[in-house]
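K.L.:
The residues making up each chain are set out below.
There are 2 protein chains.
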Amino acid sequence: MNKTKPVILVTNDDGINAPGLRALISAMRQLGDVLVVAPDKPMSAMGHAVTITAPLRMLLIKDEPGYREYSCNGTPADCVKLGQKVVLGKAPDMIVSGINHGSNSAINIVYSGTMAAVLEGAIENIPSIGFSLTDYAYTANFLHCEPFILKIGRNVLDKGLPAYTCLNVNIPALNGSPVKGIKIVRQAHAYWDEKYEHRKDPQNRDYFWLTGIFKSLDDGEDTDEWALLNNYVSVVPVHFDLTSHKTIPLLRDWEKED
Amino acid sequence: MNKTKPVILVTNDDGINAPGLRALISAMRQLGDVLVVAPDKPMSAMGHAVTITAPLRMLLIKDEPGYREYSCNGTPADCVKLGQKVVLGKAPDMIVSGINHGSNSAINIVYSGTMAAVLEGAIENIPSIGFSLTDYAYTANFLHCEPFILKIGRNVLDKGLPAYTCLNVNIPALNGSPVKGIKIVRQAHAYWDEKYEHRKDPQNRDYFWLTGIFKSLDDGEDTDEWALLNNYVSVVPVHFDLTSHKTIPLLRDWEKED
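Protein chains in written order, with this note's numbering: chain A, 1 to 258; chain B, 1 to 258.
For the record, the hints were derived by calculation from the structure and aren't laboratory data.
Positions of the beta carbon are idealized from the N, C-alpha and C atoms, including for glycine.
One should not assume that every hint holds.
As the list claims (entries may be wrong) - In silico DSSO-like links for lysine-lysine, alpha-carbon gap of 30 Å or less:
#1 A:Lys90 / B:Lys5
#2 B:Lys200 / B:Lys41
#3 A:Lys41 / A:Lys180
#4 A:Lys90 / B:Lys159
#5 B:Lys195 / A:Lys41
#6 A:Lys200 / B:Lys85
Said to hold, decoys possible - Over the 10 Å line for every Cβ pair with chain A, so calculated as not near, a few chain B residues:
#7 Lys90
#8 Pro178
#9 Leu229
Please take these sequences and the hints and turn them into a complete structure.
P.N.:
Dropping the structure here:
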């Protein structure tokens with residue numbers, strides 16, 4: 001690849017054929033040399049799964065100056081690892097994942113394969129960004145995303161990110177009015193109010209389908225949910241320290257012998 | 001189930017037959033009525049995967065007074081959801097996951113199916129604990145774990161946990177000297193220095209196996225890694241807010257129009 005341009009590793013969790021990935025590739029090719037390693041099938045809600053008990057394979061699909069594309073039988077996190085360790089043999093200048101078909105705001109980050117790939121970048125201290133559109137449709141319109149993706153991508157390439165920190169970017173679906181701009185916000189507190197639909201298969205055996213309604217527990221005006229509801233692009237800086245630091249002193253007396 | 005006793009939901013990610021699960025069940029039956037819903041096969045390194053595109057099934061394996069056991073074709077997070085929503089129809093008093101065959105300290109929490117089940121409990125605001133032993137062997141010795149599991153389990157049942165907070169408990173493998181006690185600590189900063197072994201299959205096609213060496217980037221004496229290396233049980237309070245709050249003001253000027 002051309003040494004004067006930044007090298008950008010691109011992946012997603014909706015799979016190599018997803019229109020959201022194509023939109024992200026198109027934006028990234030304006031910013032640098034691009035290596036795509038993406039799952040050969042949809043991998044939504046895979047969380048931070050990593051393949052350790054099965055062999056991983058990659059298939060080279062395209063090889064042009066400044067652009068290579070592989071499909072992979074692994075998860076998004078596997079794709080990021082393979083892209084670095086096997087294809088590039090070094091860290092890329094930036095890792096991007098998406099554009100996810102559907103929101104990864106609030107608690108969705110925990111379940112997201114898109115963001116697992118991005119966290120994998122942060123763990124390796126590579127500037128990394130996840131992009132998601134709040135529209136689950138396969139035929140979603142990604143056209144309005146590009147200026148925001150280019151702006152945030154350029155910022156990250158030019159200014160970097162704090163060590164071991166990545167970005168969770170969610171873009172509102174087009175709703176008739178223009179997106180107002182970017183808000184730097186925190187992850188909203190929300191959950192999925194879930195139910196299982198109980199069905200019988202043709203052999204009369206029980207099975208269950210997960211269904212759920214997203215519910216916010218947070219009326220702050222500094223959250224990703226607030227930004228998206230108000231037609232802003234939400235940018236949440238994300239790290240991988242899950243410690244509830246404020247809880248540590250509260251449990252200190254558990255250290256005592258009985 | 002007996003209404004006077006607490007109801008405890010038990011799962012794991014090594015699968016329903018794992019000796020670590022049996023050790024945890026044995027401890028939990030001393031504390032309350034127990035419902036086990038565990039994966040029908042090993043689900044290690046599954047992260048927070050949730051099954052949304054396939055039907056879930058459960059198989060009732062045992063049904064005794066105060067004890068029920070189901071195997072499930074889903075992930076640990078699926079098991080926790082099904083246990084609550086389908087089997088119990090309400091929140092249990094406590095959710096426990098493990099005993100994992102292998103450490104979930106430091107960065108391992110991100111990849112861990114054991115801890116995904118526990119985070120799922122925290123998201124629902126149910127007191128939840130993950131237990132792991134720093135020994136990957138199927139034949140690991142879990143006997144010394146029980147007093148610590150009972151002490152921490154009793155503390156959580158009696159005193160509860162702060163809202164939306166769970167515990168990541170790691171227990172050192174027996175190494176000849178007794179475990180010294182419990183330390184309330186933070187998640188150490190560490191990573192896996194990973195390589196892929198490149199092999200050829202009998203059809204001469206390439207494939208890759210993930211291998212890695214755990215590396216600490218943290219010499220703090222207040223971390224889970226420090227506690228384990230010094231033969232203490234590590235207890236990290238965990239939440240699911242991944243926001244790097246200190247980064248928000250640093251990015252504020254990205255909100256400006258160009």
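K.L.:
Are there hints from earlier that the structure breaks, and if so, what are their numbers?
P.N.:
When the structure is compared with the hints, numbers 1, 3, 4 turn out to be violated.
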